[in-house]
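There are 2 protein chains.
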Amino acid sequence: MSLSRPAVVLLSGGLDSYTAAAVARADGFRLFALTVRYGQRHTAELDAARAVARALGVERHLEIDVNLSLFGGSSLTTDAPVPKDRPPGDGGIPSTYVPARNTVLLALALAWAETLGATDIVIGVNAIDYSGYPDCRPEFIAAFEGLAALATAAGVSGRRLTIHAPLQSWTKADIITRGLELGLDYGLTHSCYDPDPSGRSCGRCDSCVLRAAGFAAVGVADPARGR
Amino acid sequence: MSLSRPAVVLLSGGLDSYTAAAVARADGFRLFALTVRYGQRHTAELDAARAVARALGVERHLEIDVNLSLFGGSSLTTDAPVPKDRPPGDGGIPSTYVPARNTVLLALALAWAETLGATDIVIGVNAIDYSGYPDCRPEFIAAFEGLAALATAAGVSGRRLTIHAPLQSWTKADIITRGLELGLDYGLTHSCYDPDPSGRSCGRCDSCVLRAAGFAAVGVADPARGR
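Protein chains in written order, with numbering that gives the first Met the number 0: chain A, 0 to 226; chain B, 0 to 226.
Careful: at least some of the hints might be erroneous.
Which bits of chain A does chain B cover? Going by a derived footprint, with three or more residues having C-beta under 8 Å, they are [unchecked claim]:
(1) 11 to 22
(2) 149 to 162
(3) 176 to 188
(4) 208 to 217
With beta-carbon atoms standing in for the labels, derived distance ranges [to be verified]:
(5) Ala-212(A) to Gly-71(B): 49 to 57 Å
(6) Gly-56(B) to Arg-199(A): 46 to 54 Å
(7) Gly-27(B) to Ile-92(A): 26 to 34 Å
(8) Arg-158(A) to Asp-26(B): 35 to 43 Å
(9) Gly-27(B) to Ala-25(A): 52 to 60 Å
(10) Tyr-129(A) to Ser-197(B): 33 to 41 Å
(11) Gly-71(A) to Arg-4(B): 46 to 54 Å
(12) Arg-159(B) to Gly-71(A): 39 to 47 Å
(13) Asp-78(A) to Arg-53(B): 28 to 36 Å
Short derived list, chain A residues pointing at chain B, Cβ under 7 Å [said to hold, decoys possible]:
(14) Pro-5
(15) Gly-38
(16) Leu-45
(17) Ala-54
(18) Leu-55
(19) Val-57
(20) Gly-71
(21) Ala-110
(22) Glu-113
(23) Thr-114
(24) Gly-116
(25) Trp-169
To be clear, the hints were calculated from the coordinates, so they are not data collected in a lab. As the structure is a computational prediction, the values presented were derived from the model and not from experiment. All C-beta atoms in this analysis are idealised placements derived from N, C-alpha and C, irrespective of residue type, glycine included.
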C-alpha cells in the first residue's frame, strides 16, 4: 500500500466526492483528503467530510479556510434564499453557484499536491445530474490540467498533473450504484444546501432533489433520509 | 470616474503590485484591491498593502486569509531559512517559491471579479528581474485567462476576462522609473522576505537584492531603505 501513489482528493462531505475518493482508492491511490471551508452555509457537510474521511481511511485529512462569502454573489455563502423545487434541466446557472469556487478548490489542491510530490488530484464533479455550474464541465477540468503544467515547479520539470473526475459523465444513479458496489455508507454524507439548524435536509433544493432522484432510480432507500 | 471599468488588483504591499495598480489606474480602471494573507512570514507587507491601497485611493480593499502554510513546502510560509546572497540569474526555483501561490491568488481575484461584474484583473508579476517562479511566466498568465473563460458564469455568457500583467516584460528599473513618473511613494512598500521582528529588511534575500539593484540602476535612493 505504501508503494502506491498519493492523490489529493477534494472532499466536501457530499456523496459525489465520497464516491470519487473511493474510486481513486480502488484504483490504488493513497488518499490525502482536502476539505475547504469556503463560507458555505451548509456547515453540516463539514462534519460529514470528517466522517467520510475516517470511513475512507485517508492517510491525512486537512481542512483549510478561505472565506468566499467576503465576495458575496452566491446563495450558498450569503443570506440570499436557496432556490427550491426547480424543475430538472431548468437551464441557466442558479444562485447557488459560487463564483470561481472550483477554480479556488483546485488551486488549493494543486498547492498541496505540489508539496506532497503528488501528480494526481481527484474531484467529484459531474456534468450530467448537476446544477449547471460552469466549473463542473469537462472543458474546465481539461483547462485546469493545462494550467497546472505551467503553474508549478513540478510542471516545469516535466511532471504532468492529472485531474481525475471519475464521475464526470455518470448519472447520479450510476454514482450511487458504483458507490454501493464499493461498500460506501451514504448515511455518512450530507448533500442539502439549506439544512435547518439541526442539520436536517430541506428535501427541496437542487442538491436534495438530485440525490432523491438518484436513489429512486437505483431503487434503494437513502440511508441519510430524514436527517 | 464612476463610468470607468472596475478591475480587481492583487496588492501585496511590494513595489511591483503597487506599480501595476497605478498603471491600471492611469489606464482608467476603478481599483478593487485584494490582499491575500497566505501565511507569509513577512507580515510587514500586509501593513504596507494597507498603506499602498490608501495612497492609490482604491474603491475597496479586501483582505482574505488562506493559510497555505498548512501545506508547507516553502521558506516563505515555514521556518525554513530564506536563501541569502544568491547570485543573480542563479537559475532553478528557490525555496521561497510558494507552491501554486499565483494560481490561488488569481482564483480568488477571479471569484471577486465575477461578483463585481468585473472582467479585468491586474497582477504585478514580472518575468525579467524575478526569482524564477514558474507562475510568473507569460504562458502561465495566458493559460489562466483561458481557464477563466471556462470557469465562470461570465465566461459562459461570452464575457472574456483579461488579466493585465503590465510589468511582465519590464526590468526592475523600468518598473521603478514608471512608478516614479506616476508619483508613487515607494517608501510605503515592503519587499523583504525575511525582515527582523521590527520589520527591518534583511538586504540579502532575492527580493531585497532585486529591489536594491533596481533603484541603483535608476540612480535614485530607495525611500524605504534602512527600514
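Evaluated hints:
Three residues within the 8 Å Cβ limit are the bar, and the stretch 11 to 22 of chain A against chain B gives 0, so the coverage statement is violated. Residue count for the stretch 149 to 162 of chain A with a Cβ under 8 Å from a Cβ of chain B: 6. That meets the three needed, and the coverage hint holds. With a threshold of 8 Å between beta carbons, the proposed coverage of the stretch 176 to 188 of chain A by chain B is violated, since 0 of its residues qualify and at least three are required. By the rule of at least three residues with a Cβ nearer than 8 Å to a Cβ of chain B, the coverage given for the stretch 208 to 217 of chain A is violated, with 0 such residues.
The given range of 49 to 57 Å is broken by Ala-212(A) and Gly-71(B), whose C-beta atoms sit roughly 42 Å from each other. Between Gly-56(B) and Arg-199(A) the Cβ separation comes to about 49 Å, which falls inside the hinted range of 46 to 54 Å. Between Gly-27(B) and Ile-92(A), the C-beta spacing of about 30 Å keeps the proposed range 26 to 34 Å intact. Checking the proposed 35 to 43 Å range against Arg-158(A) and Asp-26(B) shows it holds: the Cβ atoms sit about 38 Å from each other.
About 55 Å separates the C-beta atoms of Gly-27(B) and Ala-25(A), a value consistent with the hinted range of 52 to 60 Å. For the pair Tyr-129(A) and Ser-197(B), the beta carbons lie near 53 Å from each other, so the given range of 33 to 41 Å is not met. Between Gly-71(A) and Arg-4(B) the Cβ separation comes to about 19 Å, which falls outside the hinted range of 46 to 54 Å. Restraint check, Arg-159(B) to Gly-71(A): a C-beta distance of roughly 23 Å breaks the suggested window 39 to 47 Å.
Between Asp-78(A) and Arg-53(B), the C-beta spacing of about 30 Å keeps the proposed range 28 to 36 Å intact. Hint status for Pro-5(A): violated, given a least beta-carbon distance of 13 Å to chain B, over 7 Å. Interface restraint check: Gly-38(A) against chain B, minimum CB-CB distance 10 Å, threshold 7 Å, status violated. This hint is violated: Leu-45(A) has a C-beta 16 Å from the nearest C-beta of chain B, more than the 7 Å allowed.
The beta carbon of Ala-54(A) is not positioned within 7 Å of any beta carbon in chain B (closest approach about 23 Å), and the interface hint is therefore violated. Checking Leu-55(A) against chain B by beta carbon gives a least distance of about 20 Å; that is not within 7 Å, so the hint is violated. Violation of the interface hint for Val-57(A) is found here, the shortest Cβ-Cβ separation to chain B being roughly 16 Å, above the 7 Å cut-off. With 7 Å as the threshold, the beta carbon of Gly-71(A) comes within range of chain B, its nearest partner Cβ sitting at about 5 Å, so the hint holds.
The restraint placing Ala-110(A) at the interface with chain B holds, with a minimum CB-CB distance near 4 Å, inside the 7 Å limit. Against a cut-off of 7 Å between C-beta atoms, the interface hint on Glu-113(A) holds, since the closest Cβ of chain B lies about 4 Å away. Of the supplied interface hints, the one on Thr-114(A) holds, with its beta-carbon coming within about 3 Å of a beta-carbon of chain B, less than 7 Å. Taking 7 Å as the C-beta cut-off, the interface hint given for Gly-116(A) is violated, the closest approach to chain B being about 9 Å.
With 7 Å as the threshold, the beta carbon of Trp-169(A) stays out of range of chain B, its nearest partner Cβ sitting at about 21 Å, so the hint is violated.
Consistency with the previously given hints fails for numbers 1, 3, 4, 5, 10, 11, 12, 14, 15, 16, 17, 18, 19, 24 and 25, ordered from lowest to highest.
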